[in-house]
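> If you want the building blocks of each chain, they are given just below.
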Amino acid sequence: MSEPATLHHNHRDDTASKLGMWLFIFTELLLFGGLFVVYSVYRYLHSQAFHLAARELDVFTGTLNTVILLVSSMTVAMSTTAIRKKDKRTTLLLIAVTLVLAAVFLVNKYFEWGGKISHGLYPGSSILDELGKGDTLFFGLYFFMTGLHALHIIVGMVVLGFMFVFVWKDKITHDNFQQLENGGLYWHLVDVIWIFLFPLFYLIT
Amino acid sequence: MPDSTHHTVPYRTYALILVLLLVLTGISVAVTQIELTKWSTLVALLLAGIKTSLVMAIFMHLKFDQRIFRVMAILIILLLGVVMVVTFLDYLFR
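Keeping their order, the protein sequence lines are chains A and B.
Note that the first sequence covers residues 1002 to 1206 in the working numbering.
Note that the second sequence covers residues -2 to 91 in the working numbering.
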């Protein structure tokens, strides 16, 4: 009689786990969605200032970071295929590549922010005060939205770091990989947000 | 055991989607850098929408998941759209 009882103790609900992750992703989408509404309204009210301020941003760095995030999204998606194929080595390799790409993204961001700050373009700077309200709003939103996004990159790296360890220690396996799927979903969310940040700040000058 | 809806997507599919995403990125850079008009702004945002759909459908497995996930995702996007439209109705016609 005790055998079925022990089976019940291993109860797992992958669909519910995924549903929970998606609900969290929806709250994140609404958080950034609100910021995109703020951006759109201020862009509408200060279109000339936003137009000139956006020219300060380097399209090459932005494009490079877009490519980096798109590739990292693919590698993390591929890791969920590798784990299904019982290919632990490839899974670990793909997560590691994703982590390296995430780090490269942050290094680019560091130099980009550093460049802006050294030119006196940061929230509260005297140069922005002289340039006026539109520029202050543009760079305020730029630092806040890309900063919040970079924070998500860091959180994503921590999450994927845990996934790497779990796969390494066989806690995530070919028949128990929902955690890796959920970690991947978070990483794709970070990618989706950047897909909109990139044209709004770098391209539409 | 994983539920029956788990579907193994081949590596090739992911690689193909990446190529598409990179091409779309290239196009959006090109249309906005060559000459920026109202239309290129619209095109850049449309391309971002297409890229997001690809990521959500394939990378995030919405295409292969149960319908409820797709329904919820579409409803959230519609909600964001409504918030955007209502905000602008306020700013444009107040």
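Hints in this document: simulated from the structure, not taken from any laboratory.
One thing to keep in mind: the hints can contain errors.
Stated by the list, open to error - In silico BS3-like cross-links for lysine-lysine, where the CA-CA straight-line distance does not exceed 30 Å:
id : chain 1 : residue 1 : chain 2 : residue 2
1  : A       : K1117     : A       : K1172
2  : B       : K35       : A       : K1134
3  : A       : K1172     : B       : K60
4  : A       : K1087     : B       : K60
5  : A       : K1086     : A       : K1172
6  : B       : K60       : A       : K1089
7  : A       : K1110     : B       : K35
8  : A       : K1117     : B       : K60
9  : A       : K1110     : A       : K1172
10 : A       : K1086     : B       : K35
11 : A       : K1110     : A       : K1086
Stated by the list, open to error - Sample of chain A residues facing chain B (criterion: CB under 7 Å; computed from the structure):
id : residue
12 : S1074
13 : N1183
14 : L1186
15 : I1196
All C-beta atoms in this analysis are idealised placements derived from N, C-alpha and C, irrespective of residue type, glycine included.
> Does A/S1074 pass the interface hint, meaning its C-beta sits closer than 7 Å to a C-beta of chain B?
Interface hint status for A/S1074: holds (6 Å vs cutoff 7 Å).
> Holds or violated: are the alpha carbons of A/K1086 and A/K1172 at most 30 Å from each other?
Between A/K1086 and A/K1172 the Cα gap is close to 16 Å, so the pair holds against 30 Å.
> Given the hinted pair A/K1110 and A/K1086, is their alpha-carbon gap at most 30 Å?
Between A/K1110 and A/K1086 the Cα gap is close to 35 Å, so the pair fails against 30 Å, i.e. violated.
> Sort out whether B/K60 lies within 30 Å of A/K1172, counting only the CA atoms.
Distance ~27 Å between A/K1172 and B/K60 Cα, so the pair holds.
> Is the Cα-Cα distance between A/K1110 and A/K1172 30 Å or less?
violated (34 Å)
> Keeping to a limit of 30 Å between CA atoms, is the pair of A/K1117 and B/K60 held or broken?
Distance ~41 Å between A/K1117 and B/K60 Cα, so the pair is violated.
> Does the interface hint hold: is A/N1183 within less than 7 Å of chain B, judged Cβ to Cβ?
Cβ of A/N1183 sits 11 Å from chain B, so the hint is violated.
> For the pair supplied as a hint, A/K1086 and B/K35, is the alpha-carbon distance within the 30 Å limit?
violated (48 Å)
> Are A/L1186 and chain B close enough, Cβ to Cβ, to be under 7 Å, as the hint says?
holds (6 Å)
> Checking one constraint from the list: CA of A/K1117 to CA of A/K1172, max 30 Å. Satisfied?
Violated. A/K1117 to A/K1172 sits at ~44 Å, over the 30 Å cutoff.
> Verify the proposed pairing of A/K1087 with B/K60, using a straight-line Cα cut of 30 Å.
holds (23 Å)
> Holds or violated: is there a CB of chain B closer than 7 Å to the CB of A/I1196?
holds (5 Å)
Checked against the numbered hints given earlier, the structure breaks hints 1, 8, 9, 10, 11 and 13 and satisfies all the rest.
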